[in-house]
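Protein chains: 2
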Amino acid sequence: MSTGFTLSIDAMGGDAAPKMVIAGLNRLRDAFPNVRFLLFGRAKEIEPLLGRYQRLRSSIEIRDTWEVIGSGDKPSQALRTGQNSSMRRAIDAVANGEAAGVISAGNTGALMVMAKFVLKTLPGVDRPAIATLIPTRVGQSVILDLGANVECSCDNLVQFAVMGEVFARKVLRLEKPSVGLLNIGEEDLKGKESIKKAAAILQDSKLAIRFHGFVEGNDIAEGTVDVFVADGFSGNIALKTAEGTARLYSHFLREAFRQSIMARLGGLLAARALKRMRDKVDPRRYDGAMLLGLNGICVKSHGGTDSIGFSNAVRTAIGLISDHVNEGIRNDFICLYADKNGNGKRAAL
Amino acid sequence: MSTGFTLSIDAMGGDAAPKMVIAGLNRLRDAFPNVRFLLFGRAKEIEPLLGRYQRLRSSIEIRDTWEVIGSGDKPSQALRTGQNSSMRRAIDAVANGEAAGVISAGNTGALMVMAKFVLKTLPGVDRPAIATLIPTRVGQSVILDLGANVECSCDNLVQFAVMGEVFARKVLRLEKPSVGLLNIGEEDLKGKESIKKAAAILQDSKLAIRFHGFVEGNDIAEGTVDVFVADGFSGNIALKTAEGTARLYSHFLREAFRQSIMARLGGLLAARALKRMRDKVDPRRYDGAMLLGLNGICVKSHGGTDSIGFSNAVRTAIGLISDHVNEGIRNDFICLYADKNGNGKRAAL
Chain L
1 MSTGFTLSID AMGGDAAPKM VIAGLNRLRD AFPNVRFLLF GRAKEIEPLL
51 GRYQRLRSSI EIRDTWEVIG SGDKPSQALR TGQNSSMRRA IDAVANGEAA
101 GVISAGNTGA LMVMAKFVLK TLPGVDRPAI ATLIPTRVGQ SVILDLGANV
151 ECSCDNLVQF AVMGEVFARK VLRLEKPSVG LLNIGEEDLK GKESIKKAAA
201 ILQDSKLAIR FHGFVEGNDI AEGTVDVFVA DGFSGNIALK TAEGTARLYS
251 HFLREAFRQS IMARLGGLLA ARALKRMRDK VDPRRYDGAM LLGLNGICVK
301 SHGGTDSIGF SNAVRTAIGL ISDHVNEGIR NDFICLYADK NGNGKRAAL
Chain V
1 MSTGFTLSID AMGGDAAPKM VIAGLNRLRD AFPNVRFLLF GRAKEIEPLL
51 GRYQRLRSSI EIRDTWEVIG SGDKPSQALR TGQNSSMRRA IDAVANGEAA
101 GVISAGNTGA LMVMAKFVLK TLPGVDRPAI ATLIPTRVGQ SVILDLGANV
151 ECSCDNLVQF AVMGEVFARK VLRLEKPSVG LLNIGEEDLK GKESIKKAAA
201 ILQDSKLAIR FHGFVEGNDI AEGTVDVFVA DGFSGNIALK TAEGTARLYS
251 HFLREAFRQS IMARLGGLLA ARALKRMRDK VDPRRYDGAM LLGLNGICVK
301 SHGGTDSIGF SNAVRTAIGL ISDHVNEGIR NDFICLYADK NGNGKRAAL
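Chains L and V, in that order, are what the protein sequence lines are.
Residues in the first sequence are numbered from 1 upward in steps of one, following my numbering.
Residues in the second sequence are numbered from 1 upward in steps of one, following my numbering.
Don't read these hints as lab results, they were simulated from the structure.
Since this is a predicted model, take the numbers as computed values, not measurements.
Incorrect hints may appear among the rest.
It does not matter which identical chain is meant; a pair holds if it fits inside one copy or across any two.
Claimed, not checked - Here are the simulated DSS-like cross-link-like pairs (lysine-lysine), alpha carbons at most 25 Å apart as the crow flies:
#1 K192 - K74
#2 K176 - K196
#3 K197 - K74
#4 K170 - K206
#5 K74 - K196
Taking the hints into account, I'd like the entire structure generated from these sequences.
What follows is the structure, encoded as structure tokens:
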């Protein structure tokens, strides 16, 4: 049984909110009886939905919040004018100690900007990064950054590597996860200056990160390393390309099984095995991207998610809290920035 | 029947060369009886292989070349010291008019650097780009750049858009292909300055390109646009991630059909339909990346390709020559760089 704590929930974020939020939380009620939920959103819309989930009701407290950040709103504007939005108030609840973490399926940019403003970054972290798990041939890997930082310095990349390594160690329960820097193949063209410099730093890091070196796009699906580190631009493109390709393949597969009576029959016979395969790559299973490097647990669920995906995002937050991921990052950054004499000064990267 | 011309072939490029090269050319003998092949490579290794393909022999001329550029060689070094390599001499054959185009499955970076040095770029093209076709939900699209240029200015991106549009028009036989700039999703973070500027230029381009705007990684598999324009870094990562994901999915599928006797039987019944699907996404079908913007046709085949892939790369080159792709690019660049009065001066981009 998990230790009891409270999670704050942006009940209005996501295309199918607040309905999928409530249904998603209900999925977790039995598995996490000690976790309480602080819901921020329109009580008038949330209350009627709870009628179906009487037992969930006792784990929930609603904070009536009328304002909602739209998916098309500019993050900078959300920060300026969204102080009373469900998203902002859900984040505030972490900052003021009411909740151990926050989950939202709303506007990613707004969540990022507001969470950074309210929660601040952990000591030593210049920029937070968005991280998630992805399915690979050999299991799962961590990939970051997925879009929080368009341009990244070598220091940013090194910090992402440190944070991603802690994430993999804690969440994937790996003793010594391997870390790779996403790059392109051609030797002479091999990457941007920032990536080459980051590689040099990681190679002789005092943190003893198991640095594998450069990896390429095709290594992601292979699971060549446990942690894929990229700038937010190429990381975002890699993740979305992988998701799109998986969907395309599923589409072609469905089409193939419709081509003839024989194929239909074949599909029926193999239905169970195919379902197991689909489950393995189901994006809902990997819902829950962590805003890593913030002074508080903040998890983003897919905007288009359903109750299954949202419940997994909440599960991700519960895992991050129970596994003390932020404490791990804090410790590793103290090591990274302390010089050899351990006097706590920031060492030159 | 195609008009007769000669192609120069780097017979030593690629992991399985020269064997797969010869077998690949043999696949094209009947379809293109008027195309002749000028082979650069080790005659001692090539001659014995031709024994099996007597009829191909008459379409081939071998230029004995001992030196070979290795897949790990630095492009800059290849350029300095590889004047007598099979790759370099195959490129030279295009420059001196002996051949209408060159195909190599060797070191991409070396091919790029040597081809640019020998063939030069087309008027108005600052930097060549690597382009290829990829399978999508609705057919095929063009994607470029795939790694020739790690960092790209907005001018580079605009030029890639122009070249990619011509490529799609000619090779995919589209009257008015749509063009998109690969970017990431979040509004406020929306992309790098260079991409935003390129979008602004393409929006009011005098070329009347059908500019769709920004696209994301998942749009590639969807085929949202006919031409995906990216800097070489993210384009390379997108293509390799897509290829890796497709391979992973195939692997999971094979695994699924091995899970039980029922699944095995299902797989057998659906075998024909599944094969058709596999063929549709078979990377060998899309072998042949064009080095676009050079003053000569230069096609790169996958380093790890087999005879089927290599024959498709040669087929790509034949298509590019027959479809006058370079003449199209030349014309469009004259339009792009001529000012309103048509006096041929380069207009400010």
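Hints numbered earlier in the text: which of these fail when held up against the supplied structure?
Nothing - there is no hint that the structure violates, so all of them hold.
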